[in-house]
Amino acid sequence: SRRDTTDDLDTFLGVLGRVAEALSYAHSRGVVHRDLKPSNVMLGTFGEVLVTDWGLAKVFQEGPVEDRPEERDEDTGRIRTIRTKSDGLTSLSGSVLGTPAYMAPEQARGEVEFVDARADVFALGGLLCEILTGGPPNRRTTNPGSPAPAGGDDLEGARARVLDSESHPDLVALALDCLAPEIEARPQNAGVVSNRLKAHRASLDLRAREAELSATTARAVARSERRSRRRIASLSLLAIVAVLAATGAWVAFRLQDERRLTDSRERVRGHQDRALHLASAADWESAVIEADRARRLAQTEGLERSAVDHATDLVARLEREHEEAMAAAEFLVREQNVAEQLERLRVRRFQVATRQQVEEEYFGAFQSLQPDGSATLAELLPRSGDPQKLVDGVLDWAILRRYGFDNSRPEWWLRLMQSWQSLETDRRKIEIVDALLGGRLDLVLEGVGADLSAWEPPFLANVIVALVALGEESRVLTFTSRAAQAHPRSYAMRFGHGLFLTLADPPHWDEALVEFTAADALLDDRGLSAHNMGVAFTKLGRNSEAVRAFRRATQGHAGRLTSWRSLASSLIELGQLDEAELAIAKVGVLTQDADCAPYDDLLGAIHYHRGRFLESIAAFDRCLAASPDTPSALYLRGSAHLRLGNSTAAMADLQRLREIQPRHWRGLYRLGTRLYLLERYDEAVEVFEEALAVNPGASAILINLGQSLVQLGRPEEALGYLLMGQKKGAPRGTPIASFIAACRAAIDQ
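Quick note: the sequence shown uses our numbering, first residue 312, plus one each step.
Treat the hints loosely; a few may be bogus.
Estimated spans, in silico, between C-beta atoms of each pair [unchecked claim]:
id, residue 1, residue 2, range
1, SER339, GLY1040, 50 to 60 Å
2, GLY749, GLN972, 32 to 42 Å
3, GLY1008, GLY468, 56 to 66 Å
4, ALA496, ARG786, 37 to 47 Å
5, GLU990, PRO817, 24 to 34 Å
6, GLY468, ASP319, 22 to 32 Å
7, ALA963, ALA761, 49 to 59 Å
8, GLU495, ARG933, 51 to 61 Å
9, GLN972, SER339, 44 to 54 Å
10, GLN732, ASP940, 43 to 53 Å
11, GLN972, ARG1055, 29 to 39 Å
To be clear, the hints were calculated from the coordinates, so they are not data collected in a lab. The structure presented is a predicted model; accordingly, all values stated were derived computationally and were not measured. Think of the CB as a built atom: it goes at the ideal place given N, C-alpha and C, for glycine as much as any other residue.
The task is simple: from the sequences and hints, build the whole structure.
So this is what it looks like as structure tokens:
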């Protein structure tokens, strides 16, 4: 803080205005900084102002943030940050994102769903508070683990200090508005703050010009009085100075012309000084206008050539710096988008089916950094806000080309590796990557060691890609589990572990749901985590929660068609058939392949649940003609045949389902029931036992298995299953008591 808050006040206000303009541009692109503080503001050699450290920034999909809360899921909580060793003036670890001394109340409370552009506005108010009072809004020393909220008594103390600062009323009012505890009471975004600072500067300039005009008028009056006195003196000495009259007139003309030129030079310098001041505050348009006024004044007033050239050069320089500042800001926005895209692509490499599309998206991501191709990646890194993310992305791409394809374009891969090796500074990592590319996994795992927290998640993700590609499935799940535990705040590690939990035999859907939920909170992956949460909810029989997850997934860009299909399927399971038909219609709009008709299985399910069994069978026929082994179509077509009494066709579908998906317990149960009715009790027992192995808690399976054993003359075994079925809760209308009594009677005989 400054001892005297009047020191360089104009300079600090100019810097603040430039910061507000930079944030205004970011807000217009849907970017919120979330960690604005003095240490994140840099002054360049030529007076330019840069806002740095966008590592905690957030990009909202819908562009500028509106003054409304977003819809929240039931599982939404506070999002924590991975930053460590924080104090009151650095980014905090553990519970919230940002720096307590400048943090908005909602941000300090961890209410991430309410953090938007107005959190940056609060931080701007904190900077203005420090300019006016010499200290930040929240002066209380905080424990790194539990920040003191920027609200309550602390915030009232800051507002009181602003009121006591005896600063200009415009600045006091702006500071109080920005530091308002209520979100709605603050200016909507940084653009409003920037405009109010410009208005304050303009009012000061206007008063300065008025004072200058008054001084000029006073000088003119004084000159007039002096001329009057000279005329009186001349009249009294007319006889003496008559001979010198011509000479005196010439001297007076020269003096007047010199005074005019001196005044013009001062006016030119005034415009130029204001232009430089506006440029230091990043008000580039106003700066160029002031510099151009100086140039035109120098030309029209006939100043010396050097003054005209200097004024012209200043205009060109400010225009060039304006273009460079805008280009730098646009690059940082593009880089933030690319960094988030690279994080999403990192986990999509784990799935073999998507690798070709991921390869194309890597190319597009790096190309978008410099659309005109005028600079290499190495040339772009000095302009980067987080160059390591770009370097890691190059290695990710190279590993994908090494293990994801057949090296049909080896020159591509070699160029990528050469590029990465020229950018990477960690020699130990380079050595392990060489072993990784050579397929020497034992050497890689030995080099990585037991402590995975010593390695960054992007590098560990590449080890996972290699493990999968080399068929080391037995090691993958163990490795991803250790990686997720070592890096609980890593999106790639949490999502990757969740993915491989679903691929285990048997899948661990409950654990996978925990990982996908964590990944969803860590990164906006455009619906990918939400979709996988929906799949896990479905597998766990929690269809209402699955519907909510799939609805969120359809709002993203990743896998929208799949998410709409899954949403329709979950709605059908809940019996919400009208809404399911709307979702199916959306699938029809999104698909481009009419011959494949990828929604016939869904239409068949709708017809089946509405009791239109013939229409259902026709839809499933179309589906199975295109995809013969679609489990849901086989199950429901077989069920529809049963409803119509087509026993042979039903048995064929259910037997085929048993072959291709032996863990489909509903299909097994329905097949076993049909075998029981056909008095094929041995086969029924076998099928019911398979179904029970998949779903041990299904009372209907237990009861039907017991009944089948009774028919085979094995009442002792049957009684155990019947009693378990009764304990689990027999389906409504099932005479379980009479079944048990009959079984005991058979035992007694």
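Hint by hint, here is what the structure shows:
1. SER339 - GLY1040: 50 to 60 Å: Holds: the Cβ-Cβ distance is about 59 Å, inside 50 to 60 Å.
2. GLY749 - GLN972: 32 to 42 Å: Because 39 Å falls inside the window, the suggested range holds.
3. GLY1008 - GLY468: 56 to 66 Å: holds (60 Å)
4. ALA496 - ARG786: 37 to 47 Å: violated (56 Å)
5. GLU990 - PRO817: 24 to 34 Å: 33 Å Cβ-Cβ, so the 24 to 34 Å window holds.
6. GLY468 - ASP319: 22 to 32 Å: Once the Cβ atoms are compared, 25 Å apart, the range 22 to 32 Å for ASP319 and GLY468 holds.
7. ALA963 - ALA761: 49 to 59 Å: Holds, since ALA963 and ALA761 (Cβ atoms, about 54 Å apart) stay within the stated range.
8. GLU495 - ARG933: 51 to 61 Å: holds (54 Å)
9. GLN972 - SER339: 44 to 54 Å: For GLN972 and SER339 the Cβ distance comes to about 51 Å; the hint holds.
10. GLN732 - ASP940: 43 to 53 Å: This hint holds: roughly 46 Å between Cβ atoms.
11. GLN972 - ARG1055: 29 to 39 Å: Given a distance of about 37 Å, which is inside 29 to 39 Å, the answer is holds.
Taken one by one, the earlier hints fail for this structure only at number 4.
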